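A.B. asks: Spelled out from the first residue to the last, the chains are:
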Amino acid sequence: MITFKMNNLEVSAEEGWTILETAKFFGLEIPTLCHNDGLSEYGGCRLCLVEIGEGPRAKLVSSCTYPVEEGLVVHTDTTRVIKARRMMLELMLSTAPGSKKIQDLASKFGLTHQRFKPRDEECVYCGLCVRICDEQMDARAIGFQNRGHNRKISTPFDARSEVCRLCGACMYICPACSLRCQGPAADTDICNACLTMEPTCLEEYDELQCWMYDAGRCGTCVQEKGK
Amino acid sequence: MDVQIERVNAFCKKRKSQKKALIAILQDIQAEYKYLPQDALRAVSQNLSIPLIDVVGVATFFRAFSLKPRGEHVVTVCLGTACHVRGGPKILEEFERRLAVKPGDTTPDGKFTLESVACLGCCAIGPVVVVDGDYHAQTSIRKVESLIKQYARK
Amino acid sequence: MKTPAKIKTVKALEKVIQTQQRLRKADKRQVLTVSAGTCGQARGSLKVIDALNASIKKAKLQQKVKVRVTGCHGFCEAEPNIIIHPHDLFYQKVAPTHAEAIIGQTIKQKKTLPNLLYKDPVTGKTASREQAIPFYKKQQRIVLGDNALIDPTEIDDYFAVGGYGALIKALTSMTPEKVIGEVKASGLRGRGGAGFPTGVKWELARRQKDATKYIICNADEGDPGAYMDRSLLEGNPHRVLEGMMIGAYAIGATEGYIYVRDEYPLAVKHVTLAIEKLKKLGLVGTNILGAGFSFEFHIAKGAGAFVCGEETAMIASIEGRVGEPRQRPPFPAVKGLFGKPTIINNVETWGTVPLIINKGAKWFAKIGTDGSKGTKIFSLVGKINNTGLVEVPMGISLREIIYDIGGGIPGGKKFKAVQTGGPSGGCLPKSKLDLPIDYESLTKAGSIMGSGGMIVMDEKTCMVDIAKYFLNFLRDESCGKCVSCREGTQRMWEIVRDISEGKGKEGDIELLEELAQAVKDASMCGLGQTAANPVLSTLRYFKDEFEAHLKDKRCPAGVCINLIRYFVLPEKCTGCLACKKSCPTDAIQGVLKGVHIIDLAKCIKCGACLEACKFEAVETQRDEAIVIMEGAK
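Residue numbers (numbering that gives the first Met the number 0), protein chains in the order written: chain A, 0 to 226; chain B, 0 to 153; chain C, 0 to 632.
Hints were generated in silico from the structure; no laboratory data involved.
Note that the coordinates shown come from a computational prediction; the quantities given were computed from them, not determined experimentally.
Hints are all accurate, no fakes.
Looking from chain B toward chain C, a few residues come up when the C-beta cut is under 7 Å (computed):
(1) F61
(2) C118
(3) L119
(4) G120
With a cut-off of at most 25 Å between alpha-carbon atoms, the simulated SDA-like pairs for lysine to any residue come out as follows:
(5) C/K443 x A/P55
(6) A/K151 x B/Q29
(7) A/K107 x A/R179
(8) C/K276 x C/A159
(9) B/K18 x A/V162
(10) B/K18 x C/G338
(11) C/K27 x C/D150
(12) C/K604 x B/T106
(13) C/K604 x B/E114
(14) C/K601 x B/G86
(15) B/K89 x B/Q149
(16) C/K604 x B/L98
(17) A/K107 x A/I81
(18) B/K19 x C/Q326
(19) B/K142 x C/L576
(20) A/K151 x B/S115
We put the CB at the ideal spot given by N, CA and C, even for glycine.
Hey, can you work out the whole structure from these sequences and the hints?
C.D. replies: Set out below in structure tokens:
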């Protein structure tokens, strides 16, 4: 057993666990995007960042890929961490504004605006599709190509795949494809509708319209906001 | 481009078809055909038992590889920091203007491919332009025309 | 006496070394040492060598004179250069046409040729001895110095300077732990950029209980502007190989990889030759010298990816995968190449190891400062008179390097900034010229030591353009995994590009700083973590330039195309027609001896006229007078 400190609480974990796994075990919530329990860790979205160490040498690491160490000191929500997470969300929203998952996360962290020129790629290169195709579906039809700002996910030579079985796993797991946001008013606005505390349908109809406490799913708030 | 699969197989066999030799094998193929033809990549995938998507991933990740056929003469303009400070970008622009291609592309007559490189490590003699492996020291905007003419004759 | 076919024992190797040393001493021939590294060759040294050999043959002096083809001597500005022994003469910028005179006068008659001597660009004084040349005076060339004594394709030359003596010492009189202890005591820190204590790294790998361990020589040298490693590998490959073998012995490794950039064909050639020679002599393989030490070399070539200079990305590349770094721990020293303990060190670090073993840690620790021991090789390039590779003791100031060694800024221009550490480093202004070169002070000032690239910039360099340049480089080279690095460098580049084009908006600089901090904090590997340094350092010291571009839509240095106009200064124009002839769009009007005028409507700002003018009459500043063509004159 490995003992270390997380948010000033002493915790024990098995050797080989990651900080994220340990946090989940103890009920501490750390936001993630490119993580999926059934797939290998990637560490690309940088949302699960936590601060380790103390003093001037403290640094941020992705908790999904960092193995627990004896005596480690972890803080999951320092200002440094929150600021970094916000910027990651702002960056991701600038390329995938239609993703409900990312929109919700942005609202959760208090973002209302993103300041970069929007690129409607609807992809944040989280690699979930690549990993599910490889690890769960054993097809390896799509993968990462090029690098840096030219990175893309595609089939070999952008041609029709010979090994794709049209299973749809990639679409299922994609944070941009799986659930679409109703859409913010401007490309640089954050929708915020889903996390609104004051759904406008109450004003309008004197009754919650979605009946599933998933405020905003029906789109009333957005439509009303736009008026 | 007609790819002789036996050649590709030979390159793979030379390195015992080991997965770790992927990059070296791709370099051999590129040296032979001046680029990486699709069929060659498929053959490598088969020989090394590496999924084609991974072979393509490696081939597109590294700048040294080209998946497009290249021209007879490859012009590489160095854009390292020292060459940049000494006017490298303006020399690249001049080549773009005279050859009417963007970096990475080949002239329609197939004679010249224009490329840029991050640094060749010859900073003292910059701005540097390499054509077909020949290093040209202290190039200038005015030398571009004569360089093109020199190789167009070959 | 020829070196035996196979060297099987320590005694045999000792004998070979002694023999070669004796032969070199006894050789009374005059030696013409010609530098023929990649740069030298590009400047024509091979033709010079041919001409010299022809002249020697013609004069029938083969028994009296030898031409030794070596790697780089460091003074690149003076290439091709020749050092003549025993005269201790240094000839610079030699052309094939000089060969006759060199043989006829200097060799035959011991007469110096004054036109080939180094001439100080400012004082006009000449210097005939290498040590008298200002470029060399303040250097301490303990690592690179041997380049001038060795033909890199001849292992006998390396023996002649005592080569592989350190390996013998380590194998016969030191335990692996003692070797590590010596390297630790020397204070040697990794010369690749991070400056991690080498001995400590080795110790970690030594402690691992794996039977298989690897060492890697990082010759990826991706920092634009840095070429020290190329020079060392091309000019003295055995020095690096010897260092690697000592390291392998120390940590218990049996195989070593040399990862060389694809862009260094001559270095690959010389290292390959050197390894083949070692194989032929039985100095690599099993039970080397009968000392129970087995070792093999492999060469892996890079394929054009700067990120592969990062340890875990390099390992991935050698394993045949894309160069994507991974999270550490586990560190490569514990779990690296193929899952085994691996030590990765830079070329210069490996090249320093034999010195430390031969001369002792105490000797090495006497050089340099408390925290940064020994010497460091820098590539001094850019807007500098004496371009070249300089090896100086740690602690020397930037001012001494740039002015005393470098000879200052050419063309009478003023110093503006010096960039160190490549894309992970920063630009330091005039106020930092007296900074001592060591790991800590450079980091504190906002830059880093890096691998040794030192690019000097003058008043005609735009710092916004430099920030844009580095961000462009980084967004291309980022592997693309982390959102912070991939998107961050792209967005930072967009902001700086907009500023450089006069399209900057209110709030851009604040956003840039906020984004830079996030990229620094959130990225997983060194590339992303240091990607913000060029921007942050230029903002720290040259904010006024950013604000000029942003608020006034001005580029003070006259570089950013959208914000400048080309024009001719009437008072400096001599009417020579040079610029007019060079203009590709016929935008310059003028007659012989008349003031030339640039038609801004036709001007495409290519810069050909500025290059052509020998009287500095073409300018690009926006605030000067603009003359628009109105009928030819």
